[in-house]
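Student: Sequence:
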Amino acid sequence: MKVDEKIENYQKDNSYEIPSFSYEYFVPKTLQGSYNLYERIDKMNMDSNPLFIDVTWNAGGVISPNIPIPKTNDIIETSQQALQLDSCMHMTCTNMTMKEIDSALKKAYESGCENILALRGDPPRSVEQNGKENVDASVDKYPFKYAKDLVRYIKEKYGDHFCIGVAAYPEGHPEEANSDVLIKYLKEKVDLGATFIITQMFYNTDIFIAWCEKVRAAGIPENVHIIPGIMPITSYDSFLRRCNWCQINVPQDLNEVLKPVQQDDEALRNLATNYVAKMCLKLFKSGHVKHLHFYTMNLEKGSYVILKELERLLGKRLLPLAAGLNSNANKEKEMKPIFWKSRPFSYVERKKKSKILKARTKSTGNEFPNGRFGDSSSPAFGNLDLSLTQLIRQAESKSLSVWGTPTSIKELGDLIIGYLKGDLRSLPWCDTPVALEAKQLLRLLISINQGGILTVNSQPKANGVPSSDQVLGWGPSMGYVYQKQYIEFLLPKRKLKQFFELVDQKNSSTFTFMISDADDEVFIYKGDDAVTWGCFPGREIVTTTIVEKNSFLMWRDELFAIIKEWKNNFDTITENAAKSVEVMTEILDDYLLVSLIDNDYVNPGDLLLFTLLQLTD
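Take 12 as the starting number for the sequence shown in this note's numbering and just add one per residue.
These are computed hints drawn from the structure, not numbers from a lab.
Backbone N, C-alpha and C fix where the C-beta goes; we use that ideal spot for every residue, glycine too.
Treat each hint with caution, since some may be false.
Unchecked claim - Listed next, the in silico DMTMM-like pairs over lysine to aspartate or glutamate satisfying Cα-Cα at most 25 angstroms (straight line):
| no. | residue 1 | residue 2 |
| --- | --- | --- |
| 1 | Lys301 | Glu311 |
| 2 | Lys82 | Asp160 |
| 3 | Lys198 | Asp85 |
| 4 | Lys296 | Glu16 |
| 5 | Lys40 | Asp15 |
| 6 | Lys506 | Glu586 |
| 7 | Lys13 | Glu167 |
| 8 | Lys168 | Asp85 |
| 9 | Lys40 | Glu407 |
| 10 | Lys168 | Glu121 |
| 11 | Lys293 | Glu182 |
| 12 | Lys54 | Asp480 |
| 13 | Lys225 | Asp248 |
| 14 | Lys450 | Asp628 |
| 15 | Lys409 | Glu586 |
| 16 | Lys504 | Glu422 |
| 17 | Lys506 | Asp442 |
Said to hold, decoys possible - Derived Cβ-Cβ restraints for the label pairs, each shown as a range:
| no. | residue 1 | residue 2 | range |
| --- | --- | --- | --- |
| 18 | Lys225 | Glu50 | 33 to 43 angstroms |
| 19 | Ser412 | Lys110 | 23 to 33 angstroms |
| 20 | Cys546 | Gln481 | 15 to 25 angstroms |
| 21 | Asp171 | Lys225 | 39 to 49 angstroms |
| 22 | Cys546 | Gln43 | 37 to 47 angstroms |
| 23 | Asp275 | Lys560 | 55 to 65 angstroms |
| 24 | Lys110 | Glu186 | 19 to 29 angstroms |
Work the whole structure out from these sequences, hints included.
Tutor: Structure follows, in structure tokens:
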């Protein structure tokens, strides 16, 4: 959805009493960093629900022939299609060929992005021929010199598809200090089709408000939103460095607040948060500002605490009810397979491919169901080339230092126990720290891993837990959430007969399971299942997590591919590494992946886990 429409709709819905807000992110320099950023963007959206996000411009490239540098288009595509967030793509135009400009705009269009922040970028480069500057050749190679050229071109080529924003500098620009001249340039961009303005960071609200009045007096209409750029202050040195770099005014009262505590980061952040929140309040009450744009610097907490303080000053809620750092509350989830619970980055890649194929095959009627995670039965959903994809997110040397060289199944079980206790932040197949809900099962999970059965994933029962619960809660307020107990584990093949005997001893309708091995020689299937759902006032039951056949088989392939990749990381010259290779080979040859569900979510007991304990050595 377009930025200007979203701002207007938000203000109408909230009686013009509170500002909306958005977050800006920059493109990381590595593929690993982009995966981390996706997690952060998703989490910050969950915690605070910004109106939109924007991503700074990076045309990408390659570090080496096989290691691409992430591009802005990549982040935008994932945000739009996999994370389902409205986004705005920064785009510079100088020093870019027409082919590069057309390619970037086309990719943004195809990804569903409807917002572009049109920027000039670095000063235009000249093209040298025979050692001399050739102005004509420079224009031929890089046709656009100013942001207004890009605004005009986007409008001519795409009409009203893109909502176009432009940058502004209330305190002057390094190349032009005259505010009146800059406002003249700004109006030219608006006259060509720009419909919102995002400003450079600042801390002097009086200068900003006076500038807004001059902007309106110059003929830029009220329906062109002026969006102030808000930069959180996290340390005194970085604060001064950014102010000097941007050549902005530091109010005396702000310096008097921060300078005495410049060596105390916590005290400085607390005082700065209060100051910036008061600044935001003053901007909103001035009548010139309806929306705040936070420069996050890809950090989570700085913007969030300012919004919390602004809530306090306003006396009105800005953030989702019961949301907070590390909280699932008020996040209205959508349905997904449980298997990628601890592998969000792999899931993002699968979902991207699913969405791309959907767009390409729409005319054939091969549509996926609505919802963020789509239909895993689609052939596109599993189209990760596991032989060409780096599945373990740690570099080889880092994986050895973090996880060591487990020389037995027992040592591998101890590694998993360390993760469950929180001593390790990840495992080869778990990219994220252990969920808080695992604490409810910790004692039994430890015993299972000590007994030669290796757990991969789990969740506890929940029967009508309030949606505001800080551990299990999600969705709108005044709701209730439900979970079936679930465990996924690696079971020695020799114990399969014993597993069936134990299941038969129980009420066979209690358990649902799926079992398979690395070579697809074994596959036992006993039905699909929903394992997490919620009930909320005024709406139908919402199912968020499922276990189903096709996604299980895709996850099986991914898990065993991860173990193969881990096996290949070990240098067999050393004795311990050679034993680690033997352990991984044993897992690949002699273990089964089992997904097991207890359908009795009402009984508070842990029947499923106690049953599993009877299989341990």
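Student: Now, for every hint given, state plainly whether the structure supports it.
Tutor: Cross-check of the supplied hints:
1. Lys301 with Glu311: holds (23 angstroms)
2. Lys82 with Asp160: holds (23 angstroms)
3. Lys198 with Asp85: Not satisfied, since the Cα-Cα distance of roughly 32 angstroms exceeds 25 angstroms.
4. Lys296 with Glu16: holds (21 angstroms)
5. Lys40 with Asp15: violated (31 angstroms)
6. Lys506 with Glu586: violated (29 angstroms)
7. Lys13 with Glu167: Holds, because 18 angstroms separates the two Cα atoms, which is no more than 25 angstroms.
8. Lys168 with Asp85: Holds, at about 22 angstroms.
9. Lys40 with Glu407: holds (19 angstroms)
10. Lys168 with Glu121: Since the Cα atoms of Lys168 and Glu121 sit roughly 14 angstroms apart, the hinted pair holds (cutoff 25 angstroms).
11. Lys293 with Glu182: It holds: about 18 angstroms lies between the C-alpha atoms, which stays within 25 angstroms.
12. Lys54 with Asp480: holds (17 angstroms)
13. Lys225 with Asp248: Violated, because 33 angstroms separates the two Cα atoms, which is more than 25 angstroms.
14. Lys450 with Asp628: Holds: Lys450 and Asp628 sit about 23 angstroms apart, inside 25 angstroms.
15. Lys409 with Glu586: holds (19 angstroms)
16. Lys504 with Glu422: With a Cα-Cα distance of about 19 angstroms, the restraint between Lys504 and Glu422 holds, given a limit of 25 angstroms.
17. Lys506 with Asp442: violated (29 angstroms)
18. Lys225 with Glu50: 33 to 43 angstroms: At 42 angstroms between Cβs, range holds.
19. Ser412 with Lys110: 23 to 33 angstroms: This hint is violated: roughly 44 angstroms between Cβ atoms.
20. Cys546 with Gln481: 15 to 25 angstroms: holds (19 angstroms)
21. Asp171 with Lys225: 39 to 49 angstroms: Given range 39 to 49 angstroms: violated, Cβ gap about 28 angstroms.
22. Cys546 with Gln43: 37 to 47 angstroms: Holds - the Cβ-Cβ distance for Cys546 and Gln43, about 39 angstroms, lies within 37 to 47 angstroms.
23. Asp275 with Lys560: 55 to 65 angstroms: holds (57 angstroms)
24. Lys110 with Glu186: 19 to 29 angstroms: holds (28 angstroms)
The structure fails to meet hints 3, 5, 6, 13, 17, 19, 21 from the earlier list, while all remaining hints are met.
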